[in-house]
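*Asks:* Given next are the chains, with one letter for each unit.
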Amino acid sequence: MLKTEVNELLTRIGPGTPGGALFRQYWVPALLAEELPENDCPPVRVKILSERLIAFRDSEGRYGLLDEFCAHRGASLWFGRVEECGIRCAYHGWKYDVTGQCVEVPSEPENSNFCSKVRLTAYPLVKVGDILWTYLGDPATRPPLPEFEFCHVPSDQTFASKRWQESNWLQALEGGIDSSHVSWLHSGGLKSDPLFKGAKGNQYNLNDLRPFFEVAEADGGLFVGARRNAEDGMYYWRITPWVMPSFTIVPPRGDHPVHGHFWVPIDDENTWVYTFDFHPVRPLTETEVQAMKDGHGVHSRNIPGTYRPMENKDVDYLMDRDAQRRGETFSGIRGIAQQDASLQESMGPIVDRSKERLVSSDTGIIKARQKLRKAVEALRDEGTTPPGVDPAHHRVRSAAIVLPQEESFIDSAREAVAVQPGVAHTTV
Amino acid sequence: MAAPILSSSCARAATAAEARFRIDAEIGPRRALVVALDDGAAAIVDRVAERPWGAARFFTAAAVAPRLAEELDDADVAIMVGTAGADADAAASLAAACFERGIMTAGLILGERHAVGDAVAALRPYARNLMATEDEDDVAAVLTALRA
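These protein sequence lines are chains V and D, in that order.
For the first sequence, position 249 matches number 269 in our numbering, and the numbering has no gaps at all.
For the second sequence, position 120 matches number 122 in our numbering, and the numbering has no gaps at all.
Simulated from the structure, these hints should not be mistaken for lab results.
One should not assume that every hint holds.
[Unchecked claim] Just a sample of chain D residues kept apart from chain V, beta carbon distances all over 10 Å, derived:
1. Ala45
2. Glu52
3. Arg53
4. Pro127
[As the list claims (entries may be wrong)] Simulated coverage check for chain V against chain D, where a stretch passes if three residues somewhere in it have a Cβ under 8 Å from a Cβ of chain D:
5. 151-159
6. 366-373
7. 426-434
[Claimed, not checked] Simulated DEER-style distance windows between Cβ atoms:
8. Phe23(D) / Ser212(V): 35 to 41 Å
9. Ala398(V) / Ala117(D): 21 to 27 Å
10. Lys137(V) / Phe23(D): 50 to 56 Å
11. Lys394(V) / Pro31(D): 46 to 52 Å
12. Gly36(V) / Ser10(D): 32 to 38 Å
13. His116(D) / Ala412(V): 17 to 23 Å
14. Thr161(V) / Phe23(D): 38 to 44 Å
15. Ala160(V) / Arg53(D): 50 to 56 Å
Glycine included, every Cβ here is placed at the ideal spot set by N, Cα and C.
Work out the full structure, taking the sequences as your base and the hints as a guide.
*Replies:* Pasting the structure below:
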């Protein structure tokens, strides 16, 4: 249970809200790099943290992220033309560069300097890995660029996708922290998904449906350990890092690539889920990449030309009761991503947490909410920089590891959960 | 698969307006037994106990030991709170009694990570859900979340 006022504090992320101020401390994904594939390509509408923006790539390859609407009459620049190092409004030809500066107002005399007085709000847009990242906060406190491992390995070792989720960001994120649902909702995938199957760890998962959970503080967020019985005297640990505000890495399975998510609020009731897979020491195989494109693993099968999953709210997620009956899927929904999304969206656009009944296995979620609340309040009341802003906090890994029962996961796996470039991840 | 015919009978029905009327049945408080496993934890539990709670009861390990069976009779979760000096024997006794009765156990160990390693290890076999934290407010946060 969460008090209504705290639920509001954490779920509202628009300009001027305390929760929005928190998100505006971080670099967050704004687009996949594939959305602006070449210079002077068509612009893309971007809604993020409730702000409507337009992204474009100019004639010299510079990325721009501006207020979507022309300062003249408020028309959308999405209808505009990207040409000669700027974006030109289709209505009356006003033109802006990547900094938001108006550089031409055709109706003014040729020697007029009027355009120099017109500027749109603009945010930085920077390519790191396969993602274009932005920072919507105060330029004076802009942190260094993100250092998450998945976007710093060679390009043939990483793959990213995204999908639209029709719910608030927090209930989507909480699914990434909550390991206890995996043995149920995703049990079918452990046996059959090409990006999961075959790992020895899967047997530990399926043989012990009542894991113990342990939550430990990390500099940038939390480590959540899920512990299951392994061979005599040993435990199988799955360690999930959460980096504030909304980045999680799923513990690995065998030599499969490692995957995770960045949950980015579009507005209070919609979320972009950026999903990545990477391998720290080898290129992804063609088979693996094709499986990711086909919506296996934690990726989604999207409607062609969009980032909307085929299994979406309008079609009841293509519920397949026969597959459910046969045991191929636990819930009848295809794919891990939409198995999660279908349930999280069913909770309502912003779930009313004052009505929920948490149990003690929800400790990870309870602690994450507590850390978010404290960070929002400390930023609002004292201007304290929250955890997860420092790029050092990004250099964490998930891990799957078998340890003697008497050992602490957080001490024994200390090296396993730290990024070591060129060193394989710890996995079972 | 039969396609849904009405908007009220498909996933599209999940709207903010509709969600306001969900789960309106009364939800009773969780009967939590909160047990301090050492002197440091006792001070913390005393402070937490001063807040208004539903059906939560607060004890030290020594105080609850003679009446443990009685206190567990109607409990549905036992929360062990410890610091660096957490009493592993007390945790073991409490956990064994909870196990017999099918009562969920959780543990919160408070203190800096390097100082509470032994206490965390002591509780690990007995607490199905264990949190190591430096933030005393987490005790109240867990109890609030559980509706204790």
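*Asks:* Confirm or reject each hint.
*Replies:* Hint check:
no. : hint                              : verdict
1   : Ala45                             : holds (21 Å)
2   : Glu52                             : holds (18 Å)
3   : Arg53                             : holds (13 Å)
4   : Pro127                            : violated (8 Å)
5   : 151-159                           : violated (count 0)
6   : 366-373                           : holds (count 7)
7   : 426-434                           : holds (count 4)
8   : Phe23(D) / Ser212(V): 35 to 41 Å  : holds (39 Å)
9   : Ala398(V) / Ala117(D): 21 to 27 Å : holds (24 Å)
10  : Lys137(V) / Phe23(D): 50 to 56 Å  : holds (52 Å)
11  : Lys394(V) / Pro31(D): 46 to 52 Å  : violated (25 Å)
12  : Gly36(V) / Ser10(D): 32 to 38 Å   : holds (35 Å)
13  : His116(D) / Ala412(V): 17 to 23 Å : holds (19 Å)
14  : Thr161(V) / Phe23(D): 38 to 44 Å  : holds (42 Å)
15  : Ala160(V) / Arg53(D): 50 to 56 Å  : violated (40 Å)
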